[in-house]
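In order, the protein sequence lines correspond to chains A and B.
Here the first sequence is numbered in this note's numbering, starting from 532 and rising by one per residue.
Here the second sequence is numbered in this note's numbering, starting from 150 and rising by one per residue.
Hints listed in this document are in silico derivations from the structure and should not be mistaken for laboratory results.
Incorrect hints may appear among the rest.
Derived, one-sided and incomplete: chain A residues facing chain B with beta-carbon distance under 7 Å [as the list claims (entries may be wrong)]: (1) H807; (2) S811; (3) D812; (4) R814; (5) V815; (6) V817; (7) S821; (8) Q826; (9) T831; (10) A847; (11) Q849; (12) R852.
Cβ coordinates follow ideal geometry from the N, Cα and C atoms, glycine included.
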Amino acid sequence: MASFIGLGRLARTVQCLHSQSRALSISSRAYLNTPSSYGLRSSLQLAHTTRQWRSELDRATFTTSFPCSKKSSADQVTFHNPMLNKMKPKLQSMQELHDKLLKDLNGQSTDDIEDLSPAKFAEKTKQLHDLSQITDRYSEVESLIRDLYSLQQMLEDPATNQDKDLLEMTQEEIKSTTDDIIEKEKELLLSMLPTDTADEANAILEIRAGTGGDEAGLFAADVLRMYERFAERQRWKWDEIAKTHDGLGAIKTQGRIHTSTITVAIMPQPTDVQVHIADSDVRVDVFRASGSGGQKVNTTDSAIRLTHLPTGIVVAIQDERSNQKNRAKAFTILRAKLFELEREKLANERRDKRRAQVGSGTRSEKIRTYNYPQNRVTDHRINKTLHELESVLDGESLPEFIQALRVEEQTDLLMAMNDEE
Amino acid sequence: MRTTLELVKIWTEALVPVCNHSQSHASQELKWLMQHAKQVAHIQEQQLKAKAASSYSPNIIAGQRGRGTLSPHEIELLQGYVDQRVKSRKPLQYILGTQPFMDLEILTRPPTLIPRWETEEWTAKLAATLTSEPSLFASGNLSSRFKILDICSGSGCIPLGLASSLPPFSSHLFGVDIHPKAVQLAKDNEAKNRDLLNGNTVEFHQADLLAPHAVDTFLSWTREKTTSSGASGASGASGYNLVISNPPYIAHDEYDTLEPEVSQWEDPKALLADEEGLVFYPRIAQIAIQLLSQPKPSSSSSAGSDSESGVSEEGSPRGGRQWKNGPDLDKVRIPELVFEIGGDHQVDYVRDAVRDAGFSRVRVWKDLADRARCIVGAR
């Protein structure tokens, strides 16, 4: 039985991967860096992915069965999307907050506008702007739904039924308005998703060969290629930060007969400000010649090893001929690792909280299996299998997993938001 | 015929003895050599193609090759490089022809000294130190720029590296070396990297620092610029704000112990110094103090910093200028003299020489390998 199992830390891992991108390794490790990538949010606006994953959203999460409401009350609208109906109280409180902010900023509220410091004013303006992204869509959907109610009333009107043309026109209108509503409701839902500022950052992807010796190295090389091709297909820019090969990574041996594991991690690349590393916390090791160095020694060994003392994280880079450059790269990676560690801690706290409420089971460490003999790839987090290993490894079918994972994450996020109420 | 893989194995093994007996470093060096061979082969191929096109004789060019394999020509080139490395102990940087230095690529040609990582490290640190004090840099005409002189400039890496990191159009840097070959290489390096120098000017001169009128000669370069730029008679602006030197500092008895990459390839005149490697320091320190321009009254120092906070355990301030304790250089915030030294054993002598020349503040900078690497002074 020759299966290859991807070990990952979080469901987030591959989702971020979709929203951002890249890196990989041959036999032990490699880092690639994207100079530019799309955040979760902005990539939703890409036509080529949006449509695709919207259909996923329909199937995977929300039924679009049409609750053809007989309600004629224009005050109470019922969304077609059950998720939105659940979130209606939240939407309403957002609307109230929005209106209050608007009043405050226009100086119409009882609070004296003079009391607002410029900073406070800017903060409120920003808050108002962010809220309008949601409330504007909310109003839009509401007015569409009211339109629909009127149309439905028209349909029930005997006068309409007697005029065949009018009947057809009304039915047409209902159909197109309904389509509109479905679209706009989805946009509304997405606008409600919490933003993660790290989504805007570049990503660093790290692949490491785990158990399985040389085979794991070959497997890591395959997955490296997969992500490289995937990024190329997405037209993402990426740089290789470092690639370490021990031995002969590129050579295929006959018969993959063992189970090998690799780990894939995606880390947002933080700024210097987001993660400040104290000099005293890092031990920097360089090649140290015997004697006193300087003019006496011309070493070409420019390897740098950083040890972050509080966490024990070690980053070693030797690709560049200048140890200053290796050092800069190593710090970039170290910063990303520390940032990720912190984020993971927060995410775990949040998830644990939710898990306690929802009572979901424990997460398996095994996230994806690549079974070569069976030509099969299974993602265990969403229980999705594709019988086209080659196409996945070529980066072509990979988005199918990523989209499904993404839907999963968005659903999770929305549910979590609702639970917080 | 051997496969590429077999060759890679053989070459790596061959390189191990010249790579500190490290397998991983040997494969890293081979990677760099291989990149170089491919680059050279590619350029030659392009030239051949151009020739072939002009002489109407196609089909000279080899077809496409698979990824990861080498063409016969590349193999030939690479075999040559490995031989040079292993048999002739030619330094990697002379084979590749360059060495990265900060954000620049510095050309390397025998026998001019190849930039060392320690030098790159302290040059970057010096650039960061200077840049952290924006008041040093007045933008304006050439005569009002921050002036730096690098004595024994070799390939020119130090002034060029500094220029690339200092504020745009803020500085005028000078390099001087006694060896015409070094000066030529430095000029080539300036030309190669000019676009990366932030509009800072770097010029190189050939002169002997032991000549009787060295000070006048060195000063004349700043004056020439002052007058030729037609500036108003700002006589106070002549002279340098900072003097730097990485002079030869290897003692004769140490020389015999050096690796062949150094002793057989690099100019002994750039490495060896009499009197235990120390002969140049007092001379350069004495020259430097005469080269420095009058200190500007420090406008940034607050009343509080006029206290004794600037006093180091090594001496009390003698000059009129007060130095604040900085987080990095607690005694010498803004250096006026920077020496690279050979290591811990030269600290005492060079520190005394610098102090005797009239620099009241003296500090040691260590390198990443935790060795004393620079003596830094200020008046």
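Against the structure, the hints:
no. : hint : in the structure
1   : H807 : violated (14 Å)
2   : S811 : violated (12 Å)
3   : D812 : violated (16 Å)
4   : R814 : violated (11 Å)
5   : V815 : holds (6 Å)
6   : V817 : holds (5 Å)
7   : S821 : violated (10 Å)
8   : Q826 : holds (5 Å)
9   : T831 : holds (5 Å)
10  : A847 : violated (10 Å)
11  : Q849 : holds (6 Å)
12  : R852 : holds (5 Å)
Violated hints for the displayed structure, listed by number in ascending order: 1, 2, 3, 4, 7, 10.
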